[in-house]
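Q: Chain by chain, the residues:
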Amino acid sequence: MSSTPVAALELEGITKSFPGVHALRGVSLTLRAGTVHAICGENGAGKSTLIKIATGAQHADGGVIRIGGEVVDRPNRRQVQARGVRAIFQERQVAPDLSVTENVLLDRLPTRFGRVDWRRARQAAQARLDELDIDIDINAPVRSLSVAQLQMMEIARAVSFDARLIVMDEPTASLSRHELDPLFSVINRLRSAGVAILFISHHLDEVFAVADDVTVMRDGAVVAQGPASEFTTDSVVQAMFGRSVDAERVARHDAEVAAAPLIELRGVSSGRLDNVSVSVAAGEIVAVTGGVGAGVSELAQLAAGGAIPALGAVHVADSSGVMRKVRSRRHALSLGVAFLPADRKRQGLLLDKSVADNIVLGRQANGRSLVFGPKQARTAAASLVPLANVRTANTDVIVGSLSGGNQQKVMIGRWMGVDSRVMVFDEPTAGIDIASKFDIYAELRRLADAGVAVLICSTDFQEVGQVADRVLVMRSGRVVGEVRGELATEHQLLEMEMAQ
Amino acid sequence: MLRSDAVRFVLPLLVAILAISLFTNNKNDKFLGSDNIKNILLQVSVLGIIAVGQTFLIAAGQLDLSVATLAALAGVIGATRIKDGGSELWAVVLVVAICALIGLAWGLLVAGLRIPPFILTLGGTSLFASVALRVSKSSPVPARERFDWLGRMKVFGLQTPIWFFLIVVVVAAVVMRYTRFGRHVYATGSNEEASYLTGIPTARTKVLCFVISSTLAGFAGLVAMARISTGDPRVGSQLALQAIAAVVLGGATLAGGRGSPLGTFVGVVLLAVVQSALTFNNVQTFWNDAVFGGVLIFAVVVTAVGDLRRRRGSSRPTGLGAVSTTSASPGPAITDPLQGENNQ
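So the protein sequences, as listed, match chains B and F.
Quick note on numbering: the first sequence equals residues 178 to 677 in this note's numbering.
Quick note on numbering: the second sequence equals residues 106 to 449 in this note's numbering.
Among the hints, erroneous ones may be present.
Taking CB as the label site, the calculated pair distances span [said to hold, decoys possible]: (1) P551(B) x L232(F): 38 to 48 Å; (2) E268(B) x V396(F): 37 to 47 Å; (3) E268(B) x L137(F): 43 to 53 Å; (4) T556(B) x S243(F): 55 to 65 Å; (5) I224(F) x R296(B): 30 to 40 Å; (6) F391(F) x Q300(B): 50 to 60 Å; (7) S505(B) x Q389(F): 53 to 63 Å; (8) V405(F) x R555(B): 25 to 35 Å; (9) R555(B) x N131(F): 42 to 52 Å; (10) E268(B) x S243(F): 51 to 61 Å; (11) D140(F) x R568(B): 55 to 65 Å; (12) V406(F) x R568(B): 32 to 42 Å; (13) N133(F) x L275(B): 51 to 61 Å.
A short, non-exhaustive set of chain B residues, derived as facing chain F with CB atoms under 8 Å [unchecked claim]: (14) L510; (15) Q524; (16) L527; (17) L538; (18) A542; (19) L547; (20) G550.
I should point out that these hints are in silico values taken from the structure, not numbers from a laboratory.
Since the model is a prediction, treat every value here as computed from it, not as a measurement.
Glycine included, C-beta positions come from ideal geometry on N, C-alpha and C.
Same shape as in the complex, but just chain B (with noise of 0.2 Å):
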């Protein structure tokens, strides 16, 4: 591969800043064709500005971009895809109504008479798929497609474009374990078709099976770069943190657990979910894990009363230890039951409100009294914000400009402020960055030595590894193992979720 001329993608000395951030300073990197290029860093590295930058949505304020050896200055979106560059974004880009072909062919359906020709159109969009190897029905329409399917989709139609480089951002961000190979084996397809891809990603053990080369970044700046061969996890981390990150344990610090569990869900069956029994203790981390058509999500819904089991039910203590029937979610946050979803952004933030707005609205929720002004919010807010450790400049400040790690810390304070007793995470590390992830692990462990029962619904083996107590693996609906936290390696948990 290195006998490859000409690079699809040079970038030379970018520089970008925003008021009062350097952004990027000073960005070099060579994408060849036909390779794989990983973009390592936590959030707020750098690597989205770089993106927008090599796609044409913003402006660089310095620096060269070459795209196949030619120069573009400043270019915009439709200079860029002009030549040859296409980006799938985390955001699906898809019109959710129409068929899979329209998708991939979108504005190019081809015509006979001034009409689509839908046979033709439908060979057409089939070859795409067929030269991937991807297996979708062509006449689905595109609402019906799994996360994962749709992904497909959209490189099956970055490739219609006869695209010359590939820009995937944090494409495995939403994919579950078994759907991670096809998108390895599409991605293998393309580089040896000589398409050269960028890859952005926090996930290293992904970076690692793909990448031909790595660039680490920190702050703005390229840390280390080089081939991939000459990175190990450990030197990738240590780049993008300047330090070694503690993978430990997030031991339980009392190792003494009242007998009397705070939540219990008992026989519940609900859509996908068969017949599950799950209880945690005060002061109990207990994790349930599984694929992602396990139905752990959906339990974590159940477990914070956001829907309400066909089956079974949901019991919760209330303050005088009685176990009470779970009816509605306003009902089991009067039990002290808090839910952290999985999706922050649109099942659990105001993303356009302040940190303030957000993070009393556990209080809002749930208080009785009439009046709940401005004053009352703002004190409220002054002693959640260092309560939950949240990092932001004030209270005044807009959520959705925060990282995800303290808007996960802005819903921990939130419920912080309601004396929760029992706490329900869907998937609580998703989308935030490595060094975060065991800020919250920690933050976990002090809310569970504190006597709140933690249940965690998460995907991430790892995680669950780290930070539970118990751990119960579920496959299609059906818990169908037990361990205990600190015997639950990923491979013993692989291994439960597999076997029968």
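Starting from the known structure of chain B, arrange chain F on it as the hints suggest.
A: Leaving out everything else, chain F in the frame of chain B:
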């Protein structure tokens, strides 16, 4: 959030009101005379009361198009009740109660069955217009110089409709800013699903907003009837759109989560000042609607440009999706203003 919003939305409107007033006053110094100012406030009181009700709905991400014909219906029913010599107070209570029930029905349908309020209340608009014609037998119902206290009486130099308008604005402002319900309205409008999952009673909040809006619309209809001593079934067909325009001028977005009664007050006054200035400057009346439309378009464009700047200026925008490669957008990312729902 409220303070900066006030500066962003209300200040430009105040500047516009001042500029228009000074310009017109230069030509004719009666414009800023107390008579004309009182007249402007009086003209605008009915629209203002309706717009304040609409503010609750829009802040909660909802909408009610039927308030104009509901107001007309309220006026007709009120006039009919006392035509035969019934008690004024009883007529008012009856009409307001009917309107509150209608609001309750809207709220239950929208919150319970998840019907988009746009379509539902569009249906209501026609329904109420028809019923008003039926009740009045298609002609204005004389109210025989009754309801003086509701429409014409002067208190401390101002006519009662102005007082009603001001009181409604102040009470609504306090409710929106200082009560738990008011905060729930903003939370529901900002992100209904997140609010629900936090434990905020989003359904109850929406229902209450519809009840408030319909009740105020009914009351405004009575005030309008009292002012002209006639229950006119065809009165104020433009009121619903004008009310929405005023709310949006005052800083609300149809996507929900923003808006304030004080902003709405200033928005309503701006619309009235513009109309009055047109009269003072002898502009022919057929231009009125064009100017109304122009003001509204100008205001939303200015706001949108401001928003765009702020997005560009932020260092780490989350909106990569906003620069979509396709013309279509993924469903939940963009709120359909006509739908008025934040989830689904």
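Q: Indicate, hint by hint, whether the structure satisfies it.
A: Hints and how they fare:
1. P551(B) x L232(F): 38 to 48 Å: 40 Å Cβ-Cβ, so the 38 to 48 Å window holds.
2. E268(B) x V396(F): 37 to 47 Å: For V396(F) against E268(B), whose Cβ atoms are near 40 Å apart, the range 37 to 47 Å holds.
3. E268(B) x L137(F): 43 to 53 Å: Taking Cβ atoms as reference, E268(B) and L137(F) lie about 52 Å apart, which means the hint holds.
4. T556(B) x S243(F): 55 to 65 Å: Roughly 59 Å apart at Cβ, these two residues keep to the hinted range, so it holds.
5. I224(F) x R296(B): 30 to 40 Å: For I224(F) and R296(B) the Cβ distance comes to about 38 Å; the hint holds.
6. F391(F) x Q300(B): 50 to 60 Å: Given about 58 Å between the Cβ atoms, the range holds.
7. S505(B) x Q389(F): 53 to 63 Å: 59 Å, holds
8. V405(F) x R555(B): 25 to 35 Å: 31 Å, holds
9. R555(B) x N131(F): 42 to 52 Å: 44 Å, holds
10. E268(B) x S243(F): 51 to 61 Å: Check passed, 55 Å falls within 51 to 61 Å.
11. D140(F) x R568(B): 55 to 65 Å: This hint holds: roughly 58 Å between Cβ atoms.
12. V406(F) x R568(B): 32 to 42 Å: 37 Å, holds
13. N133(F) x L275(B): 51 to 61 Å: Since N133(F) and L275(B) have Cβ atoms about 59 Å apart, the given range 51 to 61 Å holds.
14. L510: 3 Å, holds
15. Q524: 5 Å, holds
16. L527: Interface hint status for L527(B): holds (4 Å vs cutoff 8 Å).
17. L538: 5 Å, holds
18. A542: 4 Å, holds
19. L547: 5 Å, holds
20. G550: Holds, about 4 Å.
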